[in-house]
Amino acid sequence: MKNIIFINGFVAIILIISFIKDKKKTVKSVMIAIKSLGKIAPAIISVILLIGIMYGLFTDKIALFFGQENGAIGFITIAIFGSVIHMPALLAFPLAGSFLSEGASMSSVAAFITTLTMIGIVTLPLEIKTLGKKFAIYRNVFSLVIALIIATLIGVIL
Amino acid sequence: MKNQMLKKNQKSSKKGFIFLGLVIIITVLILVLIPEKSSLIMQTSFNYFIQMVMIFPAVLILMGLFAVWTSKEFVMTHLGESSGLKGIIISFILGALPTGPIFVAFPMAQALHKKGASYTNIVIFLSAWACIKIPQELVEMQFMGAKFMLVRLGLTIIFITIMGMIINKLLETKKAVTSE
Chain A
1 MKNIIFINGF VAIILIISFI KDKKKTVKSV MIAIKSLGKI APAIISVILL
51 IGIMYGLFTD KIALFFGQEN GAIGFITIAI FGSVIHMPAL LAFPLAGSFL
101 SEGASMSSVA AFITTLTMIG IVTLPLEIKT LGKKFAIYRN VFSLVIALII
151 ATLIGVIL
Chain B
1 MKNQMLKKNQ KSSKKGFIFL GLVIIITVLI LVLIPEKSSL IMQTSFNYFI
51 QMVMIFPAVL ILMGLFAVWT SKEFVMTHLG ESSGLKGIII SFILGALPTG
101 PIFVAFPMAQ ALHKKGASYT NIVIFLSAWA CIKIPQELVE MQFMGAKFML
151 VRLGLTIIFI TIMGMIINKL LETKKAVTSE
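Going down the list, the protein sequences come from chains A and B.
Here the first sequence stands for residues 1 to 158, where the numbers follow this note's numbering.
Here the second sequence stands for residues 1 to 180, where the numbers follow this note's numbering.
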């Protein structure tokens, strides 16, 4: 909520300053905003629906994956899981913390958090739309690789 | 040339609508076939939708203002190919600022790239936004412990930077090849 007030207030102030400085430019920038909304609206609505589906279908199954950790396969399952589902970090950390206290390993929890935040299968339509197919695929594939590396290293260090 | 681009634009927006149509069909199917999940699915989507409605107009206007007021030279010197370590640090800070959900970051990254920011810095900006936001780190510390948080933060910064550089190389060499 605080974020929302902050962002809107901040933009309102900048918009007013811009309007005082140059009316024409300000109108032009609002037009750009409206145009780009029209362009990415379908992708955004798709992403919002996909997030709901993935979250609704899989959230209660997360605990199951952490319960039956069997080495590399369990580790990779968790990573895939983290890539597919989308969840706000504020919910993810309490959840991950509860897995830790139930005996899940550091590296599997790290794999879950890192893939969860960095890789977005459900946000892919929007990423492709804005930054291109090649960029989106490279970023997500490399993110998976570095998420696994980070998770393994955390397991070694801690 | 302009006509061609217009056509391409129309084609890609058509694709967007076709995809949206597919997603809506799938959603309806799931809601009908698995009714016990429907309230959770709709609640989650609705929450994100509300968040989006409250943040997105401001973000779009900010992007519009950015497009009109900042010069390409400015972005290029601070975030472009030759911005070096300074560009990397700026990208990390921009990404880690407490803002909104990740889907707000994609159009922002697009605006930065159009103005000449390098792929390295775009990748860093997006990844920092996704996994090392400042408020997020505080929650992580609370639930996972300071040690876990610091180790993950350190490793993440190192590997995100390496990833950005690799992706930049891959996309830039491709660009060079196709433009020849």
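Source of the hints: derived by calculation from the structure; they are not laboratory data.
Be careful, since some hints might not be right.
[Claimed, not checked] A few chain B residues that don't get close to chain A, going by computed Cβ distances all over 10 Å:
(1) T77
(2) I93
(3) A96
(4) K115
(5) E140
[Claimed, not checked] If you want the footprint, here are the derived chain A segments under chain B, 3+ residues with CB under 8 Å:
(6) 7-15
(7) 21-30
(8) 73-79
(9) 101-108
(10) 122-131
(11) 134-145
Beta carbons are placed, not taken as given, at the ideal position from N, Cα and C, and that holds for glycine.
Hints versus structure:
T77 of chain B, annotated as away from the interface, keeps every beta carbon of chain A farther than 10 Å; the closest lies near 22 Å. For I93 of chain B, the condition that its CB be more than 10 Å from all CB atoms of chain A holds, with the nearest at approximately 16 Å. Every beta carbon of chain A lies more than 10 Å from that of A96 of chain B, the smallest distance being close to 12 Å; the non-interface claim holds. For K115 of chain B, the non-interface assignment is confirmed: its Cβ lies about 13 Å from the closest Cβ of chain A, beyond the 10 Å cut-off.
Its closest Cβ contact with chain A, about 5 Å, brings E140 of chain B to no more than 10 Å, contrary to its assignment away from the interface. For a cut-off of 8 Å, the count of residues in the stretch 7-15 of chain A with a CB near a CB of chain B stands at 7, and the three-residue condition holds. Closer than 8 Å: that is the beta-carbon criterion, and the stretch 21-30 of chain A has 5 residues meeting it against chain B, so the requirement of 3 holds. With 0 residues having a Cβ less than 8 Å from any Cβ of chain B, the stretch 73-79 of chain A misses the three-residue criterion, and the hint is violated.
Closer than 8 Å: that is the beta-carbon criterion, and the stretch 101-108 of chain A has 1 residues meeting it against chain B, so the requirement of 3 is violated. Counting residues of the stretch 122-131 of chain A whose C-beta lies closer than 8 Å to any C-beta of chain B gives 7; at least three are required, and the coverage claim holds. Counting residues of the stretch 134-145 of chain A whose C-beta sits closer than 8 Å to any C-beta of chain B gives 6, which meets the bar of three, so the coverage hint holds.
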